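Participant: So the protein sequences, as listed, match chains C and P.
Using the UniProt record's numbering, the first residue of the first sequence is number 1, and each one after it goes up by one.
Using the UniProt record's numbering, the first residue of the second sequence is number 1, and each one after it goes up by one.
Simulated from the structure, these hints should not be mistaken for lab results.
Remember, it's a predicted structure, so these values are computed and weren't measured experimentally.
Even for Gly, the Cβ is constructed at its ideal location relative to N, Cα and C.
Heads up, simulated DSS-like pairs for lysine-lysine below, C-alpha to C-alpha not over 27 Å straight-line:
1) C:175 <-> P:327
2) P:17 <-> P:7
3) P:85 <-> P:405
4) P:327 <-> P:339
5) P:339 <-> C:26
6) P:405 <-> C:246
7) C:26 <-> P:350
8) P:17 <-> C:187
9) P:339 <-> P:350
10) C:187 <-> C:175
11) P:271 <-> P:350
12) P:85 <-> P:64
Covered stretches of chain P (chain C as the covering partner; in silico rule of three or more C-beta atoms under 8 Å from a C-beta of chain C):
13) 24-35
14) 38-44
15) 299-309
16) 395-401
17) 416-428
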Amino acid sequence: MAELSASTGPGVMDTRAQYMAMIRRKRMYGGLMLSIFTLLMVSGFILADERNAGGFWDGILNIFDFPSEVVSEAWSKIDLLPGHLVTFFPALVETINIAAVSSLLGAAVGMVLSLLSTRGLARFPRLIPLFRRIMDIMRAIPEIVIALVLIFILGGGPVPAMIAIAFHTAGALGKLFSEVNENADLKPVEGLQSVGASWAQRMWLGVIPQVAPNYLSYALLRFEINIRASAILGFVGAGGIGYELKNAMSWGQGKFDEAAAIFILLFLSIVFFDQLSSHFRNRLTSGGPA
Amino acid sequence: MNTIALKAEADQIFTRKRLTNFGLPAVVLAYLAYIFFAFDIPGLAERARMDNARTLVADSYSYKTHVTRDNRSGAVTVSIEGERKGNYPEGQTPAWVTVNDGTTLIDLGDGHLVNFHADGGMDYTIPDFGLITARPTTGGVETNLDPAAVPDWINLSKNRLAITTGAGRVSVTRNRTEVFRYFPGWELFFFTLDSPFHGRSPLDLAGLALSSDRVEPARSNLSAIVDDFWNNAMWRHGDVAWALFETILMAFLGTMGAAMVALPMAFMAAKNFTPVLTVRFGIRRLFDFVRGVDGLIWTIILSRAFGPGPMTGALAILVTDTGSFGKMFSEALENVDGKQIEGVQSTGAKPLQRYRFGVIPQITPVLLSQVLYYLESNTRSATIIGAITGGGIGLLLTQAIITQKDWEEVTYYIVLVILMVMMMDWLSGLLRRRLIRGDESGH
Numbered sequence: 001m002a003e004l005s006a007s008t009g010p011g012v013m014d015t016r017a018q019y020m021a022m023i024r025r026k027r028m029y030g031g032l033m034l035s036i037f038t039l040l041m042v043s044g045f046i047l048a049d050e051r052n053a054g055g056f057w058d059g060i061l062n063i064f065d066f067p068s069e070v071v072s073e074a075w076s077k078i079d080l081l082p083g084h085l086v087t088f089f090p091a092l093v094e095t096i097n098i099a100a101v102s103s104l105l106g107a108a109v110g111m112v113l114s115l116l117s118t119r120g121l122a123r124f125p126r127l128i129p130l131f132r133r134i135m136d137i138m139r140a141i142p143e144i145v146i147a148l149v150l151i152f153i154l155g156g157g158p159v160p161a162m163i164a165i166a167f168h169t170a171g172a173l174g175k176l177f178s179e180v181n182e183n184a185d186l187k188p189v190e191g192l193q194s195v196g197a198s199w200a201q202r203m204w205l206g207v208i209p210q211v212a213p214n215y216l217s218y219a220l221l222r223f224e225i226n227i228r229a230s231a232i233l234g235f236v237g238a239g240g241i242g243y244e245l246k247n248a249m250s251w252g253q254g255k256f257d258e259a260a261a262i263f264i265l266l267f268l269s270i271v272f273f274d275q276l277s278s279h280f281r282n283r284l285t286s287g288g289p290a
Numbered sequence: 001m002n003t004i005a006l007k008a009e010a011d012q013i014f015t016r017k018r019l020t021n022f023g024l025p026a027v028v029l030a031y032l033a034y035i036f037f038a039f040d041i042p043g044l045a046e047r048a049r050m051d052n053a054r055t056l057v058a059d060s061y062s063y064k065t066h067v068t069r070d071n072r073s074g075a076v077t078v079s080i081e082g083e084r085k086g087n088y089p090e091g092q093t094p095a096w097v098t099v100n101d102g103t104t105l106i107d108l109g110d111g112h113l114v115n116f117h118a119d120g121g122m123d124y125t126i127p128d129f130g131l132i133t134a135r136p137t138t139g140g141v142e143t144n145l146d147p148a149a150v151p152d153w154i155n156l157s158k159n160r161l162a163i164t165t166g167a168g169r170v171s172v173t174r175n176r177t178e179v180f181r182y183f184p185g186w187e188l189f190f191f192t193l194d195s196p197f198h199g200r201s202p203l204d205l206a207g208l209a210l211s212s213d214r215v216e217p218a219r220s221n222l223s224a225i226v227d228d229f230w231n232n233a234m235w236r237h238g239d240v241a242w243a244l245f246e247t248i249l250m251a252f253l254g255t256m257g258a259a260m261v262a263l264p265m266a267f268m269a270a271k272n273f274t275p276v277l278t279v280r281f282g283i284r285r286l287f288d289f290v291r292g293v294d295g296l297i298w299t300i301i302l303s304r305a306f307g308p309g310p311m312t313g314a315l316a317i318l319v320t321d322t323g324s325f326g327k328m329f330s331e332a333l334e335n336v337d338g339k340q341i342e343g344v345q346s347t348g349a350k351p352l353q354r355y356r357f358g359v360i361p362q363i364t365p366v367l368l369s370q371v372l373y374y375l376e377s378n379t380r381s382a383t384i385i386g387a388i389t390g391g392g393i394g395l396l397l398t399q400a401i402i403t404q405k406d407w408e409e410v411t412y413y414i415v416l417v418i419l420m421v422m423m424m425d426w427l428s429g430l431l432r433r434r435l436i437r438g439d440e441s442g443h
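Model the full structure from these sequences, guided by the hints.
Facilitator: This is the structure in structure tokens:
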């Protein structure tokens, strides 16, 4: 043993030196990355703080002012709360409807786009890059852009929000769906082709039954995201609970009991659909009865 | 007997399948029909303002130049989009407008000619129609037209005459006479009229930038060119670039801040790191609460405390995403392999070292890919949050839309937003591939 280590001594030392150098280099890179990141965070924070109307340190002290104002006002008019909850329930239903319809329409369009842009399944294989770019652009447009432009043309209401969210959803789901499609088994498709099925029939009968659970799982997740999006779009003028919230907020003090009721409705419905969708998604992905 | 039972069972399965296959689309259709009426889609056609749509589309790719005569003072001004920022300087007019002491001749092209007379009247020669004359008076507008027989492209009332032809628009009221001519493109995109570089070709500009003859003696040509472009009063490129940067800043600070806050909390919410049930339960409910309250409400609450600006937006993203990250990270932590931690522990590592060298390397791929994915998605959210709190490109966009006339600017912002999001998408994909080698989710 001693003999062995004595004879290979320089070699080991060499390896050790190289190893240490490598570790040092790695540490240096790691340290460099970390310091660049810290620098970015700190300077970004300072910059954002400077360009903000109110400073961070002033704001953090009175962060609870507004919530406590709302809570105290809602508490003093607690007897009105059930009435408010009933009043704003239709607006909540509208928000959820916007999310549901746009998820449905978006999933339908996304499904077609995804089938058109999956290798091996596409109707026009040459146009795959085109459909992919279309999906990229649909995904990139924030909902608010389409919503605001459509509000100008169609007037306020749920339809601009529905179209805007459906448009974005189609792009986002299209991408996820096409990843699912890539794992689909092509044998049923070939079987259907051999009996003379058209492209639509091959897709509907050969591919969709295979991928439906995954589609549904993604669509449910998207539905949950869309409820939030439709509440936000309401705030900029497209109907639903967001619009009511904006009205209640712009009245300022005196209407905070209504704002509190809307907060409660929104919170409960988001938590409810969050739980519901995660429950169904677990069932779908863990192979339980769908 | 047995076959009959089997057959009955098979029949039942078939019936059930048939029911779902026909029932599900029927439910969806019924729901869509309900929505059709709940959203009042039949009434939409009435409410839709197609004229708004036309202005929007026309404005997004063209601009109009106003030739205006103030009928009280008789002064004629030529300006782009009728804005003071786009005024042609005194004595300098485009080639199609000729000012001759008192009279102004405007050539709208295709034989359409408008003439402002010295005495306040005007005439408009329209090929295939004839000559229209009009004169603003104290009582309104006098014309040679028969009010009973005007074509539908002329709008005539006692106080106003408006003519819309393919070549342009003319409007005469008691106070002012205006002619609008449309041109394709985004005018003054690079330089405004008061800049000496307006109307020069790119080659010309490159030559100027390299030459040492100064157009403005105070500064070099290159700096003057850059400065005039950057501070273009019409398009405000500098402000727009700042706004885009602010939006990305909000997304970056919010996402990274959320990840940094969520990571230690995720340890407290993971079963295998925190055996104390109450702590775990408390942290998890906190994550659920933060996620449930939603970005919209956080944005409102925070903008009350911090005022409008990028910091508010960044904090709103930070708070909301802390919940999402916390949930995902704690799930990832519960799936880590215990052997690696034991291995590190066997070398005598303290708890913090165990986490650093036994746990973090295992969850880094999941963590990074989620953070980068959220960074891209938050760039989009930051646009929306910016519209509510008042910061970044979202604010500029809503302002431009609310004024309802600068649609070319709206188009410009929309194009920039799309490019920005696509760039972040590309960047986050690139980083994911680089940082997480061999990870499937990075493709």
